[in-house]
Amino acid sequence: MLGALLLLVFCQSAQALPSFARQTGQSCVACHAGGQFPELTPYGRLFKLTGYTNGVQTNPLAAMIVGDFTSTRNNSDGAGSSISPKDKQFIIDYGSVFLGGKITDVIGGFAQFTYSSYDHQDASGNWVSHLGSDNFDLRYADSRVDASRDVIWGVTLNNNPTVQDVWNSTPAWGYPYVSSTLGAFGGVPASTLIEGGLAQQVAGIGAYVYLNKSLYLELTSYQTAKNTWAFLSLGNKKGDTYHPLTYMDGSSPYARLAYTYEWGAQNVMVGAFAMNAKILPMDDSNNPVYGQGSTEYRDVGFDGQYQYLLEPHALTVQIRYVKEEIRDDTQTLFDGPASLRSFKLKGSYVYGAKYGASLAYTNVNGSSDATAYPDSANFSPDTQMWTPEVFWLPMQSLRVGLQYNYFTRYLGASNNYDGNGRDASENNTTYLYMWYAF
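Letter by letter, the sequence shown follows residues -16 to -1, 1 to 422 in mature numbering (1 follows the signal peptide of the UniProt record, and there is no 0).
If you are wondering where the hints come from, they were derived from the structure by calculation, not from laboratory data.
Check before you lean on any hint, since a few could be wrong.
Computed cross-link-like contacts, SDA-like style, restricted to lysine to any residue with a CA-CA straight-line distance of at most 25 Å [what the hints assert, rightly or not]: (1) 221 / 288; (2) 72 / 91; (3) 222 / 239; (4) 222 / 290; (5) 210 / 231; (6) 72 / 48.
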(Lines of atoms letter the chains of each structure in order from A and count residues from 1; the text may use other names and numbers.)
(Lines give C-alpha, C1' and ligand atoms only; values in the text may rest on other atoms or scores of the structure.)
Protein backbone atom coordinates (compact mmCIF):
# COMPACT_ATOMS: atom_id res chain seq x y z
CA MET A 1 0.00 0.00 0.00
CA LEU A 2 2.92 2.37 0.68
CA GLY A 3 4.11 1.85 -2.88
CA ALA A 4 0.64 2.62 -4.19
CA LEU A 5 0.54 5.90 -2.32
CA LEU A 6 4.00 6.87 -3.54
CA LEU A 7 2.89 6.16 -7.10
CA LEU A 8 -0.20 8.31 -6.59
CA VAL A 9 1.87 11.18 -5.22
CA PHE A 10 4.67 11.31 -7.75
CA CYS A 11 2.51 10.71 -10.80
CA GLN A 12 0.69 13.95 -10.04
CA SER A 13 1.95 17.04 -11.85
CA ALA A 14 4.05 19.40 -9.77
CA GLN A 15 1.86 22.18 -11.18
CA ALA A 16 -1.25 20.71 -9.48
CA LEU A 17 -1.36 23.31 -6.70
CA PRO A 18 -4.27 23.91 -4.29
CA SER A 19 -6.96 26.36 -5.32
CA PHE A 20 -5.63 29.38 -3.42
CA ALA A 21 -2.27 29.11 -5.18
CA ARG A 22 -4.04 28.91 -8.54
CA GLN A 23 -6.14 31.95 -7.68
CA THR A 24 -3.28 34.19 -6.52
CA GLY A 25 -0.59 32.90 -8.88
CA GLN A 26 1.70 32.58 -5.86
CA SER A 27 3.65 29.56 -4.68
CA CYS A 28 2.75 27.81 -1.43
CA VAL A 29 5.70 29.53 0.29
CA ALA A 30 4.08 32.94 -0.20
CA CYS A 31 1.19 32.03 2.12
CA HIS A 32 2.76 29.32 4.29
CA ALA A 33 5.88 29.78 6.43
CA GLY A 34 8.63 27.79 4.78
CA GLY A 35 5.93 25.96 2.84
CA GLN A 36 4.79 24.37 6.12
CA PHE A 37 1.03 24.40 5.63
CA PRO A 38 -1.14 25.50 7.38
CA GLU A 39 1.22 28.02 9.07
CA LEU A 40 0.47 31.44 7.57
CA THR A 41 2.90 34.17 6.60
CA PRO A 42 1.90 37.88 6.84
CA TYR A 43 0.76 37.65 3.20
CA GLY A 44 -1.27 34.53 3.96
CA ARG A 45 -2.91 36.22 6.93
CA LEU A 46 -3.92 39.23 4.85
CA PHE A 47 -5.30 36.92 2.16
CA LYS A 48 -7.56 35.29 4.75
CA LEU A 49 -8.55 38.56 6.46
CA THR A 50 -9.60 40.03 3.11
CA GLY A 51 -11.97 37.13 2.54
CA TYR A 52 -9.82 34.88 0.32
CA THR A 53 -10.55 37.33 -2.54
CA ASN A 54 -7.10 38.38 -3.76
CA GLY A 55 -6.45 37.27 -7.33
CA VAL A 56 -8.81 36.00 -10.01
CA GLN A 57 -11.66 33.52 -9.91
CA THR A 58 -10.54 30.05 -10.85
CA ASN A 59 -11.30 26.40 -10.20
CA PRO A 60 -12.21 26.34 -6.47
CA LEU A 61 -11.63 22.61 -5.98
CA ALA A 62 -8.67 21.11 -4.13
CA ALA A 63 -8.07 17.93 -2.20
CA MET A 64 -5.67 16.25 0.19
CA ILE A 65 -4.90 12.71 1.27
CA VAL A 66 -3.07 11.44 4.35
CA GLY A 67 -1.45 8.03 4.65
CA ASP A 68 0.17 7.09 7.94
CA PHE A 69 1.69 4.53 10.25
CA THR A 70 1.25 4.58 14.04
CA SER A 71 3.24 2.58 16.59
CA THR A 72 2.43 2.65 20.31
CA ARG A 73 5.18 1.59 22.72
CA ASN A 74 2.80 -0.76 24.56
CA ASN A 75 -0.37 -1.42 22.60
CA SER A 76 -1.81 -3.99 25.04
CA ASP A 77 -4.20 -3.26 27.88
CA GLY A 78 -4.24 -5.10 31.20
CA ALA A 79 -6.21 -7.98 29.66
CA GLY A 80 -3.79 -8.38 26.76
CA SER A 81 -6.11 -6.88 24.14
CA SER A 82 -4.98 -4.32 21.57
CA ILE A 83 -5.69 -0.71 22.49
CA SER A 84 -5.31 0.60 18.93
CA PRO A 85 -6.46 -2.07 16.41
CA LYS A 86 -4.59 -0.48 13.47
CA ASP A 87 -1.31 -0.11 15.34
CA LYS A 88 1.80 -0.84 13.24
CA GLN A 89 -0.18 -0.85 9.98
CA PHE A 90 0.28 1.61 7.13
CA ILE A 91 -3.14 2.90 6.09
CA ILE A 92 -4.76 5.52 3.88
CA ASP A 93 -6.19 7.29 6.91
CA TYR A 94 -8.32 10.14 5.58
CA GLY A 95 -8.84 12.53 2.71
CA SER A 96 -10.49 15.90 2.24
CA VAL A 97 -12.13 17.85 -0.54
CA PHE A 98 -11.97 21.65 -0.40
CA LEU A 99 -13.99 24.43 -1.97
CA GLY A 100 -12.14 27.67 -1.55
CA GLY A 101 -11.46 31.07 -2.97
CA LYS A 102 -12.98 34.18 -4.44
CA ILE A 103 -16.74 34.39 -5.03
CA THR A 104 -16.99 38.16 -5.61
CA ASP A 105 -14.59 41.04 -4.98
CA VAL A 106 -15.72 41.13 -1.33
CA ILE A 107 -16.95 37.58 -0.66
CA GLY A 108 -14.90 34.40 -0.44
CA GLY A 109 -14.62 31.27 1.59
CA PHE A 110 -13.08 28.01 2.61
CA ALA A 111 -15.05 24.76 3.01
CA GLN A 112 -13.59 21.35 3.85
CA PHE A 113 -15.28 17.95 3.85
CA THR A 114 -13.36 14.97 5.21
CA TYR A 115 -13.69 11.24 4.63
CA SER A 116 -12.22 8.95 7.31
CA SER A 117 -11.44 5.44 6.11
CA TYR A 118 -11.43 3.89 9.58
CA ASP A 119 -13.79 5.93 11.72
CA HIS A 120 -14.97 3.24 14.14
CA GLN A 121 -15.78 -0.46 14.46
CA ASP A 122 -19.34 -1.76 14.54
CA ALA A 123 -20.69 -4.44 16.88
CA SER A 124 -19.25 -7.14 14.62
CA GLY A 125 -15.80 -5.57 14.60
CA ASN A 126 -16.03 -4.31 11.02
CA TRP A 127 -14.54 -0.91 10.25
CA VAL A 128 -16.99 1.83 9.28
CA SER A 129 -15.98 4.92 7.30
CA HIS A 130 -17.36 8.41 7.81
CA LEU A 131 -17.90 11.54 5.71
CA GLY A 132 -18.56 14.87 7.37
CA SER A 133 -18.08 18.60 7.42
CA ASP A 134 -14.68 19.81 8.49
CA ASN A 135 -13.49 23.40 8.83
CA PHE A 136 -15.68 26.06 7.21
CA ASP A 137 -15.16 29.83 6.95
CA LEU A 138 -17.24 32.07 4.67
CA ARG A 139 -16.42 35.79 4.70
CA TYR A 140 -17.51 39.19 3.55
CA ALA A 141 -14.52 41.54 3.76
CA ASP A 142 -13.63 45.03 2.63
CA SER A 143 -10.88 47.54 3.32
CA ARG A 144 -9.96 51.18 3.19
CA VAL A 145 -6.43 52.42 2.74
CA ASP A 146 -5.31 56.05 2.61
CA ALA A 147 -2.54 58.23 3.97
CA SER A 148 -3.83 58.07 7.55
CA ARG A 149 -5.29 54.59 7.93
CA ASP A 150 -5.26 51.01 6.77
CA VAL A 151 -8.44 49.25 7.85
CA ILE A 152 -9.78 45.79 7.02
CA TRP A 153 -13.21 44.78 8.27
CA GLY A 154 -15.39 41.79 7.68
CA VAL A 155 -18.03 39.27 8.69
CA THR A 156 -17.42 35.54 9.13
CA LEU A 157 -19.68 32.48 9.17
CA ASN A 158 -17.78 29.48 10.56
CA ASN A 159 -18.25 26.17 12.37
CA ASN A 160 -15.35 25.97 14.81
CA PRO A 161 -14.29 28.63 17.33
CA THR A 162 -10.86 29.99 16.26
CA VAL A 163 -11.00 28.46 12.76
CA GLN A 164 -11.44 32.04 11.55
CA ASP A 165 -8.23 33.10 13.29
CA VAL A 166 -5.18 33.94 11.18
CA TRP A 167 -2.51 32.98 13.72
CA ASN A 168 -1.37 29.43 14.40
CA SER A 169 -1.25 29.90 18.16
CA THR A 170 -5.01 29.44 18.58
CA PRO A 171 -6.49 25.91 18.72
CA ALA A 172 -8.17 25.30 15.34
CA TRP A 173 -5.01 25.76 13.24
CA GLY A 174 -2.53 25.07 16.03
CA TYR A 175 0.11 22.37 16.27
CA PRO A 176 0.13 19.44 15.63
CA TYR A 177 -0.96 20.11 12.06
CA VAL A 178 -1.36 16.41 11.42
CA SER A 179 -1.57 13.63 14.01
CA SER A 180 -2.69 10.06 14.50
CA THR A 181 -6.48 9.65 14.34
CA LEU A 182 -6.45 5.95 15.22
CA GLY A 183 -3.64 5.83 17.76
CA ALA A 184 -5.07 5.89 21.28
CA PHE A 185 -2.34 8.29 22.41
CA GLY A 186 -2.11 10.75 19.54
CA GLY A 187 -2.54 13.63 22.01
CA VAL A 188 -3.46 14.54 25.57
CA PRO A 189 -6.54 12.81 27.06
CA ALA A 190 -8.16 16.00 28.38
CA SER A 191 -8.47 19.44 26.80
CA THR A 192 -10.49 22.61 27.24
CA LEU A 193 -13.74 23.07 25.33
CA ILE A 194 -12.33 25.71 22.99
CA GLU A 195 -9.51 23.36 21.98
CA GLY A 196 -11.67 21.40 19.55
CA GLY A 197 -14.66 20.54 21.72
CA LEU A 198 -17.10 22.43 19.49
CA ALA A 199 -15.51 21.77 16.11
CA GLN A 200 -18.11 21.03 13.41
CA GLN A 201 -20.84 21.23 16.06
CA VAL A 202 -21.69 24.93 15.95
CA ALA A 203 -22.55 27.82 13.66
CA GLY A 204 -20.92 31.14 14.41
CA ILE A 205 -21.52 34.58 12.93
CA GLY A 206 -19.08 37.31 13.83
CA ALA A 207 -17.56 40.62 12.84
CA TYR A 208 -13.92 41.68 12.91
CA VAL A 209 -11.68 44.65 12.20
CA TYR A 210 -7.92 44.90 11.63
CA LEU A 211 -6.52 48.40 12.17
CA ASN A 212 -3.29 49.66 10.62
CA LYS A 213 -1.86 46.13 10.41
CA SER A 214 -1.54 46.12 14.18
CA LEU A 215 -4.77 45.76 16.20
CA TYR A 216 -7.26 42.95 15.58
CA LEU A 217 -10.70 42.83 17.25
CA GLU A 218 -13.44 40.23 16.81
CA LEU A 219 -16.80 39.30 18.33
CA THR A 220 -18.62 36.12 17.29
CA SER A 221 -21.77 34.40 18.55
CA TYR A 222 -22.16 30.61 18.33
CA GLN A 223 -25.19 28.34 18.44
CA THR A 224 -25.93 24.70 17.66
CA ALA A 225 -25.41 23.91 13.96
CA LYS A 226 -28.88 22.52 13.28
CA ASN A 227 -31.80 23.21 10.94
CA THR A 228 -30.66 26.01 8.59
CA TRP A 229 -27.07 25.56 9.72
CA ALA A 230 -27.02 21.75 9.60
CA PHE A 231 -24.60 21.74 6.63
CA LEU A 232 -21.93 23.03 9.04
CA SER A 233 -22.24 19.88 11.17
CA LEU A 234 -22.74 17.35 8.37
CA GLY A 235 -21.90 13.91 9.73
CA ASN A 236 -22.91 14.78 13.29
CA LYS A 237 -26.55 14.34 14.28
CA LYS A 238 -28.86 13.98 17.22
CA GLY A 239 -28.95 10.45 18.60
CA ASP A 240 -25.92 9.21 16.67
CA THR A 241 -23.87 6.70 18.66
CA TYR A 242 -20.48 7.70 17.26
CA HIS A 243 -21.02 11.29 16.09
CA PRO A 244 -23.70 12.92 18.25
CA LEU A 245 -24.48 16.59 17.73
CA THR A 246 -23.58 18.81 20.68
CA TYR A 247 -26.49 21.02 21.73
CA MET A 248 -25.78 24.44 23.20
CA ASP A 249 -28.07 26.10 25.70
CA GLY A 250 -28.68 29.37 23.87
CA SER A 251 -25.94 31.38 22.19
CA SER A 252 -22.30 31.46 23.20
CA PRO A 253 -20.14 34.58 22.81
CA TYR A 254 -16.53 34.49 21.65
CA ALA A 255 -14.13 37.45 21.72
CA ARG A 256 -10.66 37.91 20.27
CA LEU A 257 -8.02 40.62 20.70
CA ALA A 258 -4.56 40.62 19.13
CA TYR A 259 -1.75 43.09 18.56
CA THR A 260 0.80 42.56 15.78
CA TYR A 261 4.05 44.20 14.78
CA GLU A 262 6.33 43.62 11.79
CA TRP A 263 9.92 44.71 11.22
CA GLY A 264 12.11 43.51 8.41
CA ALA A 265 11.85 39.74 8.07
CA GLN A 266 10.30 39.37 11.51
CA ASN A 267 6.81 39.66 12.94
CA VAL A 268 5.25 39.09 16.33
CA MET A 269 1.75 38.82 17.78
CA VAL A 270 0.40 38.82 21.35
CA GLY A 271 -3.26 38.19 21.96
CA ALA A 272 -6.12 36.94 24.09
CA PHE A 273 -9.41 35.16 23.46
CA ALA A 274 -12.39 34.13 25.55
CA MET A 275 -15.56 32.08 25.22
CA ASN A 276 -18.52 31.29 27.46
CA ALA A 277 -20.61 28.25 26.47
CA LYS A 278 -23.40 26.23 28.06
CA ILE A 279 -23.86 22.64 26.85
CA LEU A 280 -27.03 20.59 27.34
CA PRO A 281 -26.71 17.07 28.81
CA MET A 282 -27.35 13.97 26.70
CA ASP A 283 -29.55 10.99 27.52
CA ASP A 284 -28.44 7.39 27.00
CA SER A 285 -29.38 7.63 23.31
CA ASN A 286 -27.32 10.80 22.75
CA ASN A 287 -30.37 13.04 22.51
CA PRO A 288 -30.31 16.45 24.21
CA VAL A 289 -32.09 16.80 27.55
CA TYR A 290 -33.91 20.10 28.08
CA GLY A 291 -35.01 21.62 31.37
CA GLN A 292 -32.44 19.91 33.59
CA GLY A 293 -29.67 22.48 33.53
CA SER A 294 -26.46 22.59 31.54
CA THR A 295 -22.69 22.43 31.85
CA GLU A 296 -21.11 25.88 31.65
CA TYR A 297 -17.58 26.41 30.37
CA ARG A 298 -15.72 29.71 30.77
CA ASP A 299 -12.54 29.65 28.71
CA VAL A 300 -9.94 32.44 28.72
CA GLY A 301 -6.79 32.11 26.66
CA PHE A 302 -3.58 34.05 26.03
CA ASP A 303 -1.37 33.42 23.03
CA GLY A 304 1.61 34.68 21.09
CA GLN A 305 3.52 34.04 17.89
CA TYR A 306 6.94 34.98 16.50
CA GLN A 307 8.18 34.50 12.92
CA TYR A 308 11.48 35.05 11.16
CA LEU A 309 11.00 34.59 7.41
CA LEU A 310 13.98 35.23 5.17
CA GLU A 311 14.88 32.71 2.48
CA PRO A 312 16.14 30.10 2.95
CA HIS A 313 15.14 30.30 6.63
CA ALA A 314 11.71 30.09 8.25
CA LEU A 315 11.56 30.10 12.05
CA THR A 316 8.24 30.15 13.90
CA VAL A 317 7.34 29.98 17.60
CA GLN A 318 3.83 29.75 19.07
CA ILE A 319 2.67 29.78 22.69
CA ARG A 320 -0.81 29.32 24.17
CA TYR A 321 -2.32 29.15 27.65
CA VAL A 322 -6.00 28.45 28.30
CA LYS A 323 -7.74 28.46 31.68
CA GLU A 324 -11.18 26.88 31.89
CA GLU A 325 -13.69 27.12 34.72
CA ILE A 326 -16.51 24.58 34.66
CA ARG A 327 -19.84 24.49 36.46
CA ASP A 328 -21.94 21.38 35.84
CA ASP A 329 -25.48 21.87 37.14
CA THR A 330 -26.41 18.46 35.75
CA GLN A 331 -23.56 16.59 37.50
CA THR A 332 -23.42 14.22 34.53
CA LEU A 333 -19.93 15.17 33.29
CA PHE A 334 -18.33 16.51 36.48
CA ASP A 335 -18.91 15.89 40.19
CA GLY A 336 -18.95 19.61 40.94
CA PRO A 337 -17.18 22.86 40.04
CA ALA A 338 -13.98 22.07 38.14
CA SER A 339 -11.08 23.75 36.40
CA LEU A 340 -8.65 22.83 33.64
CA ARG A 341 -5.51 24.56 32.45
CA SER A 342 -3.78 23.91 29.14
CA PHE A 343 -0.33 25.16 28.08
CA LYS A 344 1.42 24.61 24.74
CA LEU A 345 4.76 25.87 23.43
CA LYS A 346 6.03 24.97 19.97
CA GLY A 347 8.94 26.01 17.78
CA SER A 348 9.77 24.99 14.23
CA TYR A 349 12.45 25.67 11.64
CA VAL A 350 12.34 25.04 7.89
CA TYR A 351 15.35 25.35 5.59
CA GLY A 352 14.85 26.11 1.92
CA ALA A 353 11.13 25.26 2.12
CA LYS A 354 12.23 21.62 2.07
CA TYR A 355 13.71 20.35 5.35
CA GLY A 356 12.08 21.06 8.69
CA ALA A 357 11.97 20.17 12.36
CA SER A 358 9.78 21.15 15.27
CA LEU A 359 9.51 20.60 19.01
CA ALA A 360 6.37 21.06 21.09
CA TYR A 361 5.66 20.87 24.82
CA THR A 362 2.14 20.33 26.16
CA ASN A 363 1.07 20.52 29.81
CA VAL A 364 -2.51 19.99 30.97
CA ASN A 365 -3.55 20.08 34.62
CA GLY A 366 -6.70 20.68 36.61
CA SER A 367 -8.93 19.65 39.46
CA SER A 368 -9.44 15.96 40.23
CA ASP A 369 -12.83 14.55 39.31
CA ALA A 370 -13.96 10.92 39.46
CA THR A 371 -16.71 11.36 36.86
CA ALA A 372 -14.60 13.25 34.31
CA TYR A 373 -11.39 11.19 34.58
CA PRO A 374 -12.29 7.60 35.58
CA ASP A 375 -9.24 6.13 33.81
CA SER A 376 -6.93 7.85 36.29
CA ALA A 377 -6.18 6.16 39.62
CA ASN A 378 -6.31 9.55 41.34
CA PHE A 379 -8.97 11.00 38.99
CA SER A 380 -6.55 13.61 37.67
CA PRO A 381 -6.25 15.09 34.14
CA ASP A 382 -2.61 16.11 34.66
CA THR A 383 -0.59 15.20 31.55
CA GLN A 384 2.78 16.33 30.18
CA MET A 385 3.96 15.54 26.67
CA TRP A 386 6.90 16.41 24.40
CA THR A 387 6.48 16.13 20.62
CA PRO A 388 9.59 16.28 18.41
CA GLU A 389 9.05 16.08 14.65
CA VAL A 390 11.14 16.10 11.49
CA PHE A 391 9.66 16.55 8.03
CA TRP A 392 10.61 16.82 4.38
CA LEU A 393 8.84 18.69 1.59
CA PRO A 394 10.11 17.17 -1.69
CA MET A 395 7.66 19.42 -3.55
CA GLN A 396 5.30 22.21 -2.58
CA SER A 397 2.24 20.06 -2.07
CA LEU A 398 3.75 17.05 -0.28
CA ARG A 399 5.00 16.65 3.26
CA VAL A 400 6.55 13.48 4.71
CA GLY A 401 7.09 13.54 8.45
CA LEU A 402 8.04 11.55 11.51
CA GLN A 403 6.49 12.61 14.82
CA TYR A 404 6.92 11.21 18.33
CA ASN A 405 4.71 11.77 21.38
CA TYR A 406 6.76 11.35 24.55
CA PHE A 407 4.72 11.34 27.76
CA THR A 408 6.42 12.22 31.06
CA ARG A 409 3.09 12.24 32.89
CA TYR A 410 -0.34 10.87 31.97
CA LEU A 411 -3.63 11.30 33.84
CA GLY A 412 -1.98 12.33 37.07
CA ALA A 413 1.12 10.14 37.33
CA SER A 414 4.32 8.99 35.65
CA ASN A 415 3.99 5.44 36.95
CA ASN A 416 0.90 3.27 37.45
CA TYR A 417 -1.43 6.09 36.42
CA ASP A 418 -4.41 3.77 35.95
CA GLY A 419 -3.96 1.69 39.10
CA ASN A 420 -3.29 -1.39 36.97
CA GLY A 421 0.44 -0.90 36.51
CA ARG A 422 0.53 1.11 33.26
CA ASP A 423 3.15 3.85 33.07
CA ALA A 424 2.93 7.10 31.13
CA SER A 425 5.90 6.12 28.94
CA GLU A 426 4.02 3.05 27.67
CA ASN A 427 1.77 5.47 25.76
CA ASN A 428 4.66 6.96 23.77
CA THR A 429 3.64 6.96 20.12
CA THR A 430 5.61 7.06 16.86
CA TYR A 431 3.74 8.54 13.91
CA LEU A 432 4.94 8.43 10.29
CA TYR A 433 2.83 10.28 7.73
CA MET A 434 2.58 11.39 4.11
CA TRP A 435 0.37 14.44 3.53
CA TYR A 436 -0.38 15.41 -0.05
CA ALA A 437 -2.51 18.34 -1.25
CA PHE A 438 -3.50 18.86 -4.88
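Here is what the structure says about each hint:
1. 221 / 288: 35 Å, violated
2. 72 / 91: Status violated; Cα separation ~45 Å.
3. 222 / 239: Between residue 222 and residue 239 the Cα gap is close to 28 Å, so the pair fails against 25 Å, i.e. violated.
4. 222 / 290: 42 Å, violated
5. 210 / 231: Within the cut-off at roughly 9 Å; holds.
6. 72 / 48: The hint holds at about 23 Å.
The structure is inconsistent with the numbered hints 1, 2, 3 and 4, although it conforms to all the rest.
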